[in-house]
Each structure stands twice: as C-alpha cells, then as structure tokens.
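Number of protein chains: 2
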Amino acid sequence: MEKLAFPNMKPLAGVKLGAVACGINYKDRHDLFMAELEPGTAIAGVFTRSRTAAAPVLWCRENIAGGRVRAIVANAGNANAFTGRHGMETVRETVARAATLMGCPRKQIFVASTGSIGVPFPAETIPDKLPALKKSTKRDNWLTAAKAIMTTDSVPKGASRTTEIDGAPVTINGFGKGTQMISPDMATTLNFVFTDAKIPATVLQKLLSRIIDRTYNCITVEGDTSTNDSLFLCATGKAKHARITSAADPRLRSFATALEDVLRDIAHAIVRDAAGAKKFVAITVTGAASARAARRIGLSIASSTLVKVGLRAANPWGRMIMAVGKCGERANRDELSMTADGVLVASSGYLLDDFDAKRVTRHLKGTELNLGVDVGIGRGRATVWTTDCSVGYG
Amino acid sequence: MEKLAFPNMKPLAGVKLGAVACGINYKDRHDLFMAELEPGTAIAGVFTRSRTAAAPVLWCRENIAGGRVRAIVANAGNANAFTGRHGMETVRETVARAATLMGCPRKQIFVASTGSIGVPFPAETIPDKLPALKKSTKRDNWLTAAKAIMTTDSVPKGASRTTEIDGAPVTINGFGKGTQMISPDMATTLNFVFTDAKIPATVLQKLLSRIIDRTYNCITVEGDTSTNDSLFLCATGKAKHARITSAADPRLRSFATALEDVLRDIAHAIVRDAAGAKKFVAITVTGAASARAARRIGLSIASSTLVKVGLRAANPWGRMIMAVGKCGERANRDELSMTADGVLVASSGYLLDDFDAKRVTRHLKGTELNLGVDVGIGRGRATVWTTDCSVGYG
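These protein sequence lines are chains A and B, in that order.
If you use the working numbering, the first sequence corresponds to residues 1 to 394, in order.
If you use the working numbering, the second sequence corresponds to residues 1 to 394, in order.
Pulled out of the complex, with its shape left as it was, chain A reads as follows (with noise of 0.2 Å):
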C-alpha cells in the first residue's frame, strides 16, 4: 500500500512550533516538541478512555473543560505510562515550568507522551529543556514539529486543508504519529491540529467529538489500545470570520468537512504506515441497526486476526461471517450480502457460486482493498480502515 506524503502546510496565525533533543530515549534526534500558542487560543481534545492511562493524559483529562491553550509540549521515547505517581509528579513539574514561563495558569499548559511503557521517567529532563525548546519555536514549522513525535514511524504524518467560515479563509493544519497500539477508544495516538478559525471550545469540543466518530474511531491496527492516545485541537482566532457560538451554525459546515477530511488523512497515514503490513482495507458496513452498530460490527471485522489472515489467503469470507457474529451487533444470518472491490460475492446468507472469482481474487492480491458487508438489519452504515496482518503478529 501507499504511504502518505507530509503535505505542503498553509501558514497558519497564531501558532509557533519547535522542538529539541532531550536524549530520554533518543541519541542525535529532535524528541521533545513544543506548540505555543497566542493568548485566547481555544482548545478541545479527546484522549484514550484507558483505565491505566499515563500520566500525561491524565493531566489533559483532567483541565481539556477549561477550553484554553497557552503551550502543549510532548515527547518522543518514553510513554510515562506505568511510571506510578513519580511519573504524576513529573508532568506536575512540567506543567508548572511551562506555565512560569509563558506567564499563563497552568491549566491552559497541556503534555502529551509516545514511547515505551513502564520505563521509569526521568523527573528534570523535560522541564530542564523548556526554555531552549521555547526558543526554538517558530511559525510554519511544522514538519520538524511532526518528525520531532515519531517513534517507529516511519515517515512524518500530516493533513492540511483550506476552507473559509462566513466568506473569510480558514486553515487546518494536523500531524500525528503512531504504528502500533492501534485501536482508537476517543481518540489515537498523539495528535496536534490547530486552525485559525475563530471557535469556541465548547463548539470545537461538539465538532471533533462527532468527527472522531468517524475518522480515528474507525482505524485499527491489532485491536490494542494505546494508554496515551490524544488528540488535540486548537483554534486560534485569527481567521477574519465573525465570532462562532453553535455547532449547529450552517456557516460550519465547510469547516466541518474539512476539518473531517484533515482528521481522516491522519488516521489514514498512521494505517498505511503499520509496520509490516501490505494492504490498506476499507470494510464499509451497511444495513446495521445504526451508524454506532455498523461501526462495531466493520472494528470486530477490521481487528480479527483470523481475518486479516484470511485476506492475505485472498479468502476471507467465512472468516468474516464469524466477526460479524461475535460482536454482539443485530445481524440477519439469512440476508447477510458480501462485496469486493463492488462485486457481490455472498447473498442472501451464502456464498454464490457464480461470481466474478477472477476479479474479485485480483482485487484481494492487490493493496488497496474495498470490501462491503450488508447485514440485512437497518439503514446504519459505516467505513472502518485496517491493515493485513503487521508484523506486530510475530
């Protein structure tokens, strides 16, 4: 399958981004990232909803309601997850620093960590490194920002989009990371997207909320869920739109999608960049009792083991049939329908003896793979992305 390209970003008002090597896990490499925001800069995020989350999300958890950003640093190596309560006092350090040093409350200072879990976190490291690292902020630096977060990534990944609200122009700028561990629950690995729109937190909290819904929410890897999945959303204000109160406001909708087709091409690059696998897969799920249950039934498809071997076999059928059924969605055994690449392949609860076998097992060798299951219930429907096997399976 096809790696994405980081993309040409737009510029952007209002945000500086910079980074520095701190050495925690890495030799000679950027790992600590630094995003300075201008003062009355909105913030919402969504984080893993783990009950053995890291420290640095539960930080984030715990002050995203207040709807202010000042600063959100993250680093690259150590997950300070598993780390206990020192790993608690070290992000209370941060915080603090961070907060003296931008001359704001330290609610509006936001963490982010990616690496191992369970390897103890140095304490003074990071907060040591603030002022070089605020020193290195600038604008539109945003691939050292997004390379600075990698792990084993493989290529830097980013989105970027123009679209205007009420007539006046508007960017969207996004970049994650992430492998492995991929199986969103609110959210996916770490994740930054700043716009310049002029939102409030509510609002944007409402907007991602729904958008993740449909974009990291329908991504899985290995099924496993990251303790530190965050993403974070920031709005500038400087776009030179009049003042949105309600995420119902028609004058979003543009916004909407864009902010939708940036989100979506994160998610899409972390898929395509799991090592060791070869094929990129769209399951779309139709005919669910709702949107929520076609969701769940494409996820238990998209994580089976059983399946993902089953497609490199180019027969994934019966096996797909079985993920349907275990996961507990309402599904009509007897008018379940089956499509490759468009093709029916299963109807009316069986297989048909008289399809396109050719086409269909062509499609299946191939590397991006659409595949369509109608379970025969209601009118919900929904797209997961997933991956072959990775070579995460040993």
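What you were told as hints is all true, and nothing was included just to trick you.
Derived DEER-like restraints, expressed as beta-carbon distance ranges: (1) B:S290 <-> A:N8: 50 to 56 Å; (2) A:R379 <-> B:A13: 53 to 59 Å; (3) B:A123 <-> A:V343: 24 to 30 Å; (4) A:L344 <-> B:S154: 35 to 41 Å; (5) A:K206 <-> B:R379: 38 to 44 Å; (6) A:E62 <-> B:A256: 45 to 51 Å; (7) A:D353 <-> B:P39: 39 to 45 Å; (8) A:P250 <-> B:R85: 46 to 52 Å; (9) B:K358 <-> A:S347: 58 to 64 Å; (10) B:R292 <-> A:S290: 23 to 29 Å; (11) A:A313 <-> B:G342: 37 to 43 Å; (12) A:S290 <-> B:G328: 19 to 25 Å; (13) A:G276 <-> B:N8: 42 to 48 Å.
Source of the hints: derived by calculation from the structure; they are not laboratory data.
Quick caveat, the model's predicted, so the values are computed rather than measured.
Glycine included, every Cβ here is placed at the ideal spot set by N, Cα and C.
Once you've looked at the hints, dock chain B against the given chain A.
Here is chain B on its own, set in the frame of chain A:
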C-alpha cells in the same frame, strides 16, 4: 508446551458411540459421529452466542430446553455455517430421519458441525448415512468418536473422572475438538460430555452454566469466536444413587468438582493444540471488582496480539498494562502489581528495578508460563489460559 494425551476412559453405562466416513470433505477417514443415548437420558448444553451461528446451533439452541436426548449426530469438514436457508433444511432432514430411526421425538435429536464456513452443505449425505452410523455405535468407543470430529486438530482430546454422588460411584467422560477460532462465548468448539449420574436436565444446565464460565469461557487463542461452538452434557441416569433435584444439593459437591476438572482438561487440551503456538500461558487476575471483571481483564490480556508478541520477546509488561486498561473494567493504575512464576516484577503501579530478572526471564522463555496481575480494586479473581502467537497470525 506439552500436548495432552487422550486418557483411558472409564466404562459408562447408557452411551454408545459410533463413526463412519461420509466424505463431505475428507477422504478415507471417519468424519461423521453419533452418540446414542438410552431412553431417559437428560441433556444440557451451551452454544456460541454468535449472531451468525451455524444451522445446527440454531436447532440446538431451540431444543435444548426440552432436556431429553436419544442421539447426537456431528460431522467434521464442513461447518454448515453461512449456508443460508438450505443449511437449515439439511439439519431438519437429518433430525427427522434420525428421530424415525431412534423412534423418538425430533426434539430429542441434537446435531453439530465443524469445518469450513461458507461452503455449501450437501443435503442428502448425512441423512443417507444415518442407518450405517447407528449400526456402528457400541459401548466405550471413545477414541473412535473423538477422532471422527477432528479437523485441524493434531491430537484427539478427552478427559475422564470418576467420583461419587451420595456414596455411589459416578463416571464423567468427555471429548472435544478445536485449534482455531478459540474465544468462547458460552462454549467453544465441539464438545461432548457424558455421565451416568442421575441428574435432571435443569440441574445439569445450572451446573454447566456455572462451570463453563470458569473453564471454556476462560480460554482464548486468537480472540475470535466460532459460529459453531457447542458443548453437550448428557446424563444417562444409570448410576445407583438417589435422584438429585437441586443444583444446590451438597451431595453434588464432588460431582461438580469432577465435572469442572473434565471441562478444564478438555479446554486446556484445545489451547495446547493451538497450531504453531509454543507456550501455554496461565494468567491469574486478582483484586478485580468481581470474578466476572477479573475474567474480562484476563481475556483482554490473553487475546492481545501485542501481549503475545511481547511474551515471545520475554517482555510483556507494558503491553499487559495496556490490555488491563483497554478492557473497561475498573483498575487502580497506581496499585497495580504483576508477578511471573510468583516473583513480583511490578508493584504500586510501576516496574520494580530490583526483581530477580534472571529467574523471570528464564520463566518467560520457557513453555509453561504463570503470570499474575493484581488490579488493586476488590476481591474478584479468575484464571484464564492462552498461548503465545500461533501460526494463525500468518
């Protein structure tokens, strides 16, 4: 890891077993089996909760509450799953002809299939073989029957115990099959268990439902649940004890223990035969909110691909924490502890830096692993059993 040898099965009055070759998928081997039970035999059963269950499962779910059985017919090589309405018609024809042959109501005939999903099931093959199949049955024909249901199994799987009820000797014999799609939801694979105890169906069902949650529902290989999982428990009533009328009867205590032993033995034999797996892994979860929560946490760890890969690398700890967190059950992040072979490796929410790493690594590199996780919430505990990666991961 060691595979379990087929045991010496004790004689058991009231059961005759037989097998013939019907050639649905295999050549020159027995692949169709019948258990013939004497009039008055009680039956209980557990079946996959899959929403796309195979045709024979639908029949059994509908009729198990009748509580009486004269024959069970099972074939290997074709699961009769995803075979649409035709598959169900074949089941009805098999049941009707077997009922005529046995001179009993149809609802006293049970059926099971195992093998490929989505392959058309021949309508007449099994019904036509029934007279020869019935002629083949004889007492104490256990190994023949256990072999007739094998598919990807490398060894036949069985277990036997003798115990007593109210002073009278009682025997329990069982056999099962399965190496793939092992993640039970009420039962797994095909399993046939017989006893000469005199226990009515309702009591049998209560005992079975309780024990299944501590045996079959505690094993997983790759987290995928089959469309055909079935376990039948038949009681011929030939033992010389007084009738039992309640599952709470204290005279059942040693019988319940023996039954749990038989079910656990067969469940373990299935895990130990997982294709390509090298390690048999027992994971004991303690400190959970309830036994059910402990089981869910255990299965979340046991079915995680990344944990399995971590086991092969003798470093599963961070991934185990991830799996505890993702399953949604309550866990105290800062009180978590973990053990390997009884050695404490993590405590108070972080990895210890002074545990006996040499001993732990030696244990993890072995083939019989005992891991412990305490989640620091309550008194719920459960042990689950799994493998490292299997060949199914491709």
